[in-house]
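Participant: What follows is each chain in one-letter form.
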Amino acid sequence: MNLSLIDPFVLAQDYPDTLTEKLRSGHATCLRFNRKGDYLASGRVDGTVVIFDIETNGVARKLRGHTRQIQSLSWSRDGRYLLSSSQDWKCILWDLKDGSRVRTVRFEAPVYIAELHPYNHLLFVASLFEDQPVLVDISSPKPIKRILPSAPFRPPPPPDEDVDPAVMAKQAAQDAKHSTCVTIFTALGNHIIAGTSKGWLNIIETQTCTTIYSMRLCNGVVILLRLSSNGRDLLSNSSDRVIRTIVMPDLSRLGVDLEPSSIKLQVEHKFQDVVNRLSWNHVTFSSTSEFVTASTFMNPDIYVWERSHGSLVKILEGPREELGVVEWHPSRPMVVACGLESGCIYTWSIVSPQKWSALAPDFGEVEENVVYMEREDEFDVHPAEEVHQRRLDQEDEVPDVLTIEPSLHSTYYAAPVSDPAGHPDGDDLGSFRMPVLLDISDSESEEDIVAVGPGTMRRRSPGAGRDANGEGEKEKAGAGRGGGQRGRRRNA
Amino acid sequence: MNMSPAKRRRVNPSPSPSVDDRSIQSPVESSSDELAAGSDRDEAERRRASWSLQKVYPPQRPYPRSRSYSGSESPDELAVDAEVYWRTSRRGRGRPARPARSPTPTEVSEDYQDGDEEGQDEEQEEEPDEEQETEAIGRGDEPDREETEALGRGDDLDDDHDDHRERDRDHRDQTMDGGADDTPMADDYEDRSPTPVPPPPVPPKPDKLEYRAKFLLRGHLRGVSAVKFSPDATMIASGGADAAVKVWDTRSGRLINTFEGHLAGISTISWSPDGATIASGSDDKTIRLWNVLTGKAHPIPFVGHHNYVYQIAFSPKGNILVSGSYDEAVFLWDVRSASVMRSLPAHSDPVGGIDVVWDGTLIASCATDGLIRIWDTATGQCLRTLVHEDNPPVTSVRFSPNGKFVLAWSLDDCVRLWNYVEGRCIKTYQGHVNRKFSLSGGFGIYGLPGAPAEAFVVSGSEDGAVLCWDVVSKKVLQRIEGHTGVVLGVDTCALEGKRLMVSCGIDGTVRVYEEADPETEPTEPETQPHTVQEESQEKEAPEPQDTEMGEGE
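For the record, the sequence lines run as chains A and B. Residues in the first sequence are numbered from 0 upward in steps of one, following numbering that gives the first Met the number 0. Residues in the second sequence are numbered from 0 upward in steps of one, following numbering that gives the first Met the number 0.
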């Protein structure tokens with residue numbers, strides 16, 4: 000509702016520029032916004048998942064179940080379920096309605112990344128550490144795991160041609176060296192995109208778990224794959240220090256007028272720091288996938304490139320530590336990143352100045368001096384009753400106070416505020432509401448922040464049994480500020 | 000408008016020194032405005048106009064601060080005008096009207112030049128003047144008055160509000176008569192009232208509402224200042240000057256729960272969107288949460304306001320609570336941690352009303368400084384300020400159901416509907432009395448099934464009625480009598496296809512009304528509402544004085 004009142008110039012700016020917030024709950028290592036963008040899930044080193052309310056910057060829920068560092072988080076479409084994967088070889092699907100565990104899936108290895116199917120929260124893919132990736136169906140209490148192939152797709156040899164067994168053997172040996180590092184679903188969930196340690200991309204059909212297409216992307220390991228919110232662009236981070244954006248074909252047309260053999264994945268942009276040869280910790284698309292953002296290795300900066308020309312538009316600065324996971328808000332120009340050293344979550348967004356004319360209705364903001372033209376009747380005097388009656392008579396509008404206009408904002412401004420991806424079921428975003436827990440903050444503050452004196456606090460160590468005394472001064476300062484954001488502590 | 004001769008004479012700024020006994024009038028003392036106004040004749044007209052505007056809404060501030068009514072006068076000038084005005088009107092009672100005086104902005108200083116005797120005289124009169132003006136402001140703002148100190152909005156609910164009204168009316172009459180002692184004092188008040196007669200209904204679309212009394216809920220020991228349906232409409236929460244929140248069952252009118260814990264009267268309550276929690280704001284400066292399901296109080300009160308909490312509202316997600324206070328601030332609370340998340344430097348006068356738009360992105364606040372401000376929830380910035388030309392104190396504000404308009408109650412007997420995007424007042428609803436209390440109300444829906452829903456505006460009135468206006472035509476659809484005192488709060492809802500309304504008032508009762516089925520015969524004999532009395536009331540009945548906490552005085 001506020002869009003009609005906000006300065007359109009502020010709305011037109013679509014990437015953040017200022018460090019605005021610092022959230023803290025333990026040592027966060029991974030972050031993920033829900034689709035609506037009102038909650039931010041963060042995984043901690045100690046295995047706790049903390050969900051922040053972006054509107055209040057407070058902790059909305061804590062989920063305890065993992066014992067090791069959280070590796071990845073994935074929200075269901077309606078925001079009710081959250082899948083967390085951890086180095087303790089487990090994936091847990093949480094129901095945020097009551098904070099309970101829906102399913103716990105154990106693997107034979109630590110989990111790299113697990114991602115929920117975009118429409119079915121009882122199906123997910125997981126890439127494992129030095130193991131085969133799996134597609135896991137958890138619709139029944141006993142999970143069904145199906146192993147996904149890592150080897151690149153070889154077009155079947157023509158039937159009339161003999162195949163040399165030696166070549167076959169060599170290929171098989173090569174294929175065996177591939178291991179999948181990252182798996183994600185496509186926008187509709189019919190296919191899985193997998194990146195391998197040899198720099199290949201595989202497209203795997205979800206239904207059959209067979210590879211239908213492969214391409215060689217780079218020489219290094221594919222570290223991370225991200226899909227834009229509309230599913231048309233793919234972003235990859237690889238160990239050759241190049242970030243690539245790839246235009247995705249419309250895989251829903253497979254079998255209609257698109258053959259798997261005619262799929263072409265085309266690299267659109269390559270982003271790299273040619274001078275410093277920086278490598279990138281984590282990459283993400285902006286909400287509209289207009290921008291690409293990356294946190295840098297051994298560097299406290301976040302780079303923002305725009306995609307139409309492929310140019311660097313902004314380097315976000317602020318914290319003095321190296322940043323790990325970086326995430327872009329699904330609808331607003333807002334970037335969050337977590338510090339590797341302190342585990343703080345930093346937030347960059349746009350700070351719009353107060354319009355002073357908004358404070359007084361008879362004030363206007365002008366660029367330069369204006370000669371005031373007096374109205375003809377400006378100083379005419381009318382009897383009060385007459386004025387009052389005329390005012391009442393002029394009130395002949397027919398206001399509609401009931402009808403809520405659907406998607407008012409999208410018609411007002413071509414701002415980045417719109418239904419992500421424009422999916423037909425975009426309206427299901429508001430269907431789930433996380434209950435507001437009133438006792439969350441108590442357990443929070445007592446556990447993490449210990450007041451040692453008036454106005455000073457220190458953080459209790461995230462790991463069990465370890466003592467915080469050995470931690471540096473910087474750590475304490477960070478903890479103190481983090482506590483300050485939770486006002487209760489500040490008042491205390 | 001016709002003026003009494005005495006007034007006209009007094010207003011006339013005759014420059015002749017023979018009439019004006021003060022011979023020294025330095026040119027410095029005439030304001031630049033006056034010079035700009037052209038001839039003296041124009042000046043007189045203009046001034047009269049501004050004064051008569053004031054009569055529509057008498058300034059009710061304890062201090063001579065006033066905003067420009069006519070748009071052409073400087074605020075300073077008007078402020079002095081108002082003071083002169085009050086003083087002369089007071090004086091008019093005791094002694095004959097003064098000879099014509101020039102109403103220059105330097106009136107005050109002139110008075111002191113005038114002679115020691117008169118100057119002292121006026122000095123003495125200054126005090127009662129201020130006191131009375133303060134009383135005229137709704138909700139008993141003055142903390143030093145004993146009987147109202149702990150009550151806030153529902154102040155002097157149990158004591159003689161008639162007395163107040165009498166004084167208030169008296170006060171207004173003086174305003175009308177302009178200090179001339181030759182006009183009758185009070186008897187001609189009725190026909191001078193700007194209250195229009197409700198126009199006769201017109202045939203198209205439902206032209207009247209048929210809400211009938213259903214329950215009369217007794218249980219509060221003192222006046223009830225706020226009443227709200229739960230989000231699912233199955234319960235009614237009411238809070239009042241007895242510092243208790245009571246929860247009633249909508250279907251049966253049975254008392255479900257009573258929450259006690261506040262140390263002073265409650266001015267406002269709000270249901271959390273999930274219906275599990277009630278928040279109450281009190282004159283003990285705290286906001287408390289009550290769990291409806293368990294019947295327990297939330298252990299941590301929301302402490303932070305420096306003065307009475309006047310109105311609170313939950314955000315639609317229930318994670319933020321917005322509160323407006325007598326301390327002129329608007330606080331945004333993180334409900335989970337019970338801490339202030341943001342403080343809006345909202346107003347320069349006590350904040351009377353607060354509301355949050357349906358999607359939670361905007362907050363509306365209003366204050367007795369006459370301003371309605373629209374805030375961005377996410378950034379805390381003021382996006383728009385609405386002010387009516389006459390600048391009456393605004394005591395309550397509500398967003399329309401679709402959030403495109405703002406409804407504001409002001410102490411000039413008006414409820415106004417604002418288009419806040421364009422900053423225009425588009426409708427003025429009149430017919431009720433609202434001069435000193437912070438009334439509130441809201442929107443309701445009417446119309447036959449099948450037909451498009453029409454909206455009405457509902458408000459209480461200080462004469463004990465509940466009024467419903469059609470939003471578009473501004474006509475009074477129904478006037479429900481019943482309360483014996485000021486009706487402070489009204490809320491509407493729909494439960495199981497039936498449209499209900501609930502009102503509360505200074506008489507300590509909560510009344511539930513139900514819309515009569517349009518098909519059924521209107522000759523239903525059951526006009527007497529089913530009275531529901533709290534059983535435990537006679538048994539324990541704690542002393543109301545116990546709830547009065549010393550406010551630091």
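No lab work stands behind these hints, which were simulated from the structure alone. Do not take every clue at face value.
Claimed, not checked - Partial chain A-side listing against chain B, Cβ under 7 Å, derived:
1) Met0
2) Asn1
3) Leu4
4) Asn218
5) Gly219
6) Leu358
7) Pro360
8) Gly363
9) Glu367
10) Val397
As the list claims (entries may be wrong) - In silico lysine to any residue, SDA-like type, Cα no more than 25 Å apart, as pairs:
11) Lys474(B) / Arg389(A)
12) Lys96(A) / Lys207(B)
13) Lys35(A) / Leu10(A)
14) Lys207(B) / Leu18(A)
15) Lys141(A) / Ile211(A)
16) Lys35(A) / Leu18(A)
17) Lys474(B) / Val386(A)
18) Lys497(B) / Glu396(A)
19) Lys295(B) / Asp326(B)
20) Lys144(A) / Asn218(A)
21) Lys497(B) / Glu259(B)
22) Lys474(B) / Glu129(A)
23) Lys295(B) / Leu10(A)
24) Lys474(B) / Leu18(A)
25) Lys204(B) / Asp395(A)
26) Lys497(B) / His387(A)
27) Lys354(A) / Gly379(B)
28) Lys295(B) / Ser342(B)
29) Lys144(A) / Ala165(A)
30) Lys213(B) / Gly481(B)
31) Lys497(B) / Ile403(A)
32) Lys474(B) / Gly422(B)
33) Lys207(B) / Asp395(A)
34) Lys35(A) / His387(A)
35) Lys96(A) / Glu259(B)
36) Lys204(B) / Asp94(A)
Only a predicted model underlies this, so the values are computations on that prediction, with no experimental measurement involved. Idealized CB from N, CA, C, for every residue including glycine.
Participant: Compare the structure with each hint and give your call.
Facilitator: Hints, one by one, checked against the model:
1. Met0: At 4 Å from the nearest chain B Cβ, Met0(A) passes the 7 Å test, so the hint holds.
2. Asn1: holds, 4 Å
3. Leu4: holds, 4 Å
4. Asn218: Status violated, d = 45 Å.
5. Gly219: Cβ of Gly219(A) sits 41 Å from chain B, so the hint is violated.
6. Leu358: It holds, given that the least Cβ distance between Leu358(A) and chain B is near 5 Å, below 7 Å.
7. Pro360: Where the cut-off is 7 Å and the nearest Cβ of chain B is about 5 Å from Pro360(A), the hint holds.
8. Gly363: Violated - the Cβ of Gly363(A) stays beyond 7 Å from chain B, reaching only about 11 Å at its closest.
9. Glu367: violated, 24 Å
10. Val397: Where the cut-off is 7 Å and the nearest Cβ of chain B is about 5 Å from Val397(A), the hint holds.
11. Lys474(B) / Arg389(A): With a Cα-Cα distance of about 17 Å, the restraint between Lys474(B) and Arg389(A) holds, given a limit of 25 Å.
12. Lys96(A) / Lys207(B): Roughly 44 Å separates the two Cα atoms, so the pair is violated.
13. Lys35(A) / Leu10(A): OK: Lys35(A) and Leu10(A) at ~18 Å, within 25 Å.
14. Lys207(B) / Leu18(A): Between Lys207(B) and Leu18(A) the Cα gap is close to 57 Å, so the pair fails against 25 Å, i.e. violated.
15. Lys141(A) / Ile211(A): Not satisfied, since the Cα-Cα distance of roughly 29 Å exceeds 25 Å.
16. Lys35(A) / Leu18(A): holds, 22 Å
17. Lys474(B) / Val386(A): Holds, at about 20 Å.
18. Lys497(B) / Glu396(A): violated, 30 Å
19. Lys295(B) / Asp326(B): violated, 29 Å
20. Lys144(A) / Asn218(A): violated, 30 Å
21. Lys497(B) / Glu259(B): Not OK: Lys497(B) and Glu259(B) at ~31 Å, beyond 25 Å, violated.
22. Lys474(B) / Glu129(A): Given pair Lys474(B), Glu129(A) is violated - Cα atoms ~76 Å apart, limit 25 Å.
23. Lys295(B) / Leu10(A): Violated - the C-alpha atoms of Leu10(A) and Lys295(B) are around 44 Å apart, more than 25 Å.
24. Lys474(B) / Leu18(A): violated, 53 Å
25. Lys204(B) / Asp395(A): Given pair Lys204(B), Asp395(A) holds - Cα atoms ~17 Å apart, limit 25 Å.
26. Lys497(B) / His387(A): Cα-Cα ~38 Å, so violated.
27. Lys354(A) / Gly379(B): Distance ~12 Å between Lys354(A) and Gly379(B) Cα, so the pair holds.
28. Lys295(B) / Ser342(B): Given that 25 Å is the threshold and the Cα spacing comes to 28 Å, the pair is violated.
29. Lys144(A) / Ala165(A): violated, 33 Å
30. Lys213(B) / Gly481(B): holds, 12 Å
31. Lys497(B) / Ile403(A): Judged against 25 Å, a Cα distance of about 22 Å means the pair holds.
32. Lys474(B) / Gly422(B): Holds, at roughly 23 Å.
33. Lys207(B) / Asp395(A): holds, 20 Å
34. Lys35(A) / His387(A): Not satisfied, since the Cα-Cα distance of roughly 47 Å exceeds 25 Å.
35. Lys96(A) / Glu259(B): Measuring from Cα to Cα gives roughly 30 Å; hence the hint is violated.
36. Lys204(B) / Asp94(A): violated, 49 Å
Violation of the numbered hints given earlier is confined to hints 4, 5, 8, 9, 12, 14, 15, 18, 19, 20, 21, 22, 23, 24, 26, 28, 29, 34, 35 and 36; the remaining hints are satisfied by the structure.
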